[in-house]
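**Q** Chain by chain, the residues run as shown.
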Amino acid sequence: MNKKLYILGALLIFGFGYLGVKEMSAARTAYLTSVAEVRSVNGRPVQFIGRIVQKEARYSQATGELLFTLEDDKGEMIRVRYKGVKPANFDGAAKAVVRGKYFGNELHADQVLLKCPSRYRGKQDQ
Amino acid sequence: MNIRPDNFPIYIAFACAIISFIAYLALSIVQRRGPAARLAAWARGVYCVSVAAVAYASIYLLQQILSGARYDIAYINDYSGPRDALIYKISSLWAGQEGSMLFWALLAGVIGIFLARKKWAATPAVMTFWTSVQAFFLLLLVKADPFRLLAEFQPGMVGSGLNPLLKNPWMAIHPPVIFVGYAALSVPAAYAMVALLKGDPKRWVKQCLPWALFGWVSLSAGIILGMVWSYEVLGWGGYWGWDPVENASLIPWLTSTALVHGMLLQRHRGRAARGNIILAFATFLLVLYATFLTRSGVLSDISVHSFADLGTYGILLAFLLTYTVLCAGLLIARWNAMAAPKSDMVPASRDFVLAAGTILIVLFAAVVLFGTSYPLFAKSGLDPSFYNRMSAPIAVAAVVLIALASLLNWSRPSGTNSQPWSFGSSLPKLPTVVIIVLAGAIAMLAPRTGTLTSRLVPAMILASSVIALIVSVAGWRGKSLRRMGAYVAHAGVALMILGIVLSNSGKSTNVTLSQNGPSLSAFGYRFGYAGSKRLSETKEMMNIRMTRRGVDSIAPLAIEYSQRGAVRSPFIRSSLLGDLYISPGDVQGVTVTPMASMTEQGWAAEPVRIPGTSATLTLIGMQVEAQLARLQYDSGNGQPVEVTVSQGHPTTVDGYSLTFQRFASDGGNKMNMMSAGAQLAVSGRGLAENITIQVSTKPFIWLLWAGTALIIVGGLLAVWRRSKEKDGLLPDSDGSDG
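Protein chains in written order, with this note's numbering: chain A, 1 to 126; chain B, 1 to 738.
If you are wondering where the hints come from, they were derived from the structure by calculation, not from laboratory data. Take the hints with a grain of salt, since some may be wrong.
What the hints assert, rightly or not - Using 25 Å as the maximum straight-line C-alpha spacing, the simulated DSS-like pairs for lysine-lysine come out as follows: (1) B:K507 <-> A:K83; (2) A:K74 <-> B:K379; (3) B:K726 <-> B:K119.
Said to hold, decoys possible - Chain A side only, calculated, beta carbon under 8 Å to chain B, not exhaustive: (4) F16; (5) V41; (6) R44.
Positions of the beta carbon are idealized from the N, C-alpha and C atoms, including for glycine.
This is chain A alone, in the form it adopts within the complex (with noise of 0.2 Å):
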């Protein structure tokens, strides 16, 4: 009975490893802090995290998009466009994640996650 039991077990942990292998190549997203980087993989998900050129954030009521420019360490910027509510907390942020596809020269996002400064502070100080 126990052998049985073990084999059931193992056959279901088998499958579950199985369907997580699956699910994560799925779901992988890289994560990239260049925009070179960023621009060389055309049209597969990615994660880029910039500098917010606060200056250039725009949004547009009529398409309720959020057009905004993100810049790396290097100083080379890239297009984000953003299709939703402008996120709480946009305006006092700092650097954003993306998560989007690069097509057509602009990051087009599906989410954005914002860096209030205030997290950066401690940093500053010392």
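Given chain A's structure and the hints, the job is docking chain B onto it.
**A** Leaving out everything else, chain B in the frame of chain A:
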């Protein structure tokens, strides 16, 4: 090292923790009466001094926050401000990284006093472990000093206040509740270590079960508070985003859930002795890991929550590695001494289901741990879809096991179960079957789109959680309140899963409304914009008119601006059928762009008319770095007023609201002249305004909240029962009952 009167108590606490650690270590090595008893009292005294110093430092910090006189302390300057309400001044004590560490050290210190006062042989060994952890925490506080002075402080400077996102009653108590859970869940690890050293795998479980349950309830409550906050304040419409910081607390919660179940298995059937020690260690190490993930800055480029690295990365990593090596080493060395006596287990028994459930929870913990740690070793991360997909089969299995746990009896010592079903014929079979079939059918047929799998999986989860709910509630019958804990909590889990699946079937759409414009319909409502109103200098209220079946109502959406950005509070209309969730976007008025041009005489600016009025705005100065523009407002009567607008700081003048949008420039136009200006959104006084709102439905989401409430109630009932048993006020569980 920078000892000042402010942070001196932390150094005292650290030194005392080290001394008491050495004393307890000596005591646990030489176990002799007489002088040992005096040394024990002395070690306890030194430990209490350490805790008192931490308490003093916490109270002192709080006092300085409340007094508002010490904005030269960086922590106070960062997290509190003179205009914050009292409750948020108090909560700023644990809102930031250094303060929360201090508070955690205080809570762990107080729990340690309870442990130190226990008069039994293992106390010195337990306290050796506890004081070592305490010393590590205090070392972190020496490094990340809550009393660090602000280098660029100038007299008269005040703090900008707590982040407005955190100004919410749920969020004010969320961190302390989580920390109580973390601190209490370290107790089983201390006892498990002693059990290993003494080769006694049995006794610690009875002693620790109330602590484990209490820590579990507290951590559950803390996580739930975070979910409520996320739903009610952040305005993104969700309550769980699989963010690394959320996951960091979920992983130890899962292992502690497994631990609680494993401990019950050991109490009732004497099984899982080694497994429980592993789970106790794992929970403790994962709490440290959560601290490491959120405090070391390793995820600062990934998560929105994570705090920046305050130079504690090395200490935290050393902390984590030390205890991992210690726990693993002890476990390997004492593995054979901890074997539980073999007992028979039949598959159709509650013990078997309990064991399977424990393994399932550990499996889920492993999945979340893997996904959360993935970015640390691969230069990529996993989308929330990974967790959503992986948790679907786990949810089905979990609710099926929950149902079986109520339906089956504990196996008899003989190893055969003549009466495996606990209900016999008392379960109302026909109505149950009808309800389950109905739930499954509705779930399958309700969404008219999607693939077979995308409809089948929720249907399976729904049907099985309905079974689990019915069976768990049926288990309440004929039981005293004290014995109902598991059944209540299990009904809560089933209800919660029902709520998650049903609320996820909701829909969402964006609606852009304009004042005096047509009303638009969505989800059976007609929406119209009824204008905005400035409530205070920093708070704006936008009114959305909602009409349903001829009944008008107003949905007020508040936006609060601060230097740290705007907080857009959603409007939630709850009913038995679910929530209607409205997230506010920006109000946009007329766009006015006052410009100045460079001429041979210097900068020159023309007044710009606000369309449709006689009022004008003239640009008189700009500071690009400070994102600020100075303007002259003239209502048309020739008496101009000066106003300043800046990023995130709307200004009101003469009933108009001016919001800074961006700097505009027009370089290289005719004759190489430059012009620059500021684009403003002007609203108020009947100017046409637009607003975009996101409307979504959350069917039956109240089931989720009701379920979480039941989980907490069930957990508290279990704490009550098991602490009575521990103190010998109740007869020991004999396996006759859950």
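**Q** Find the hints from earlier in the document that the structure breaks and name them by number, from lowest to highest.
**A** Structure breaks hints 5 and 6.
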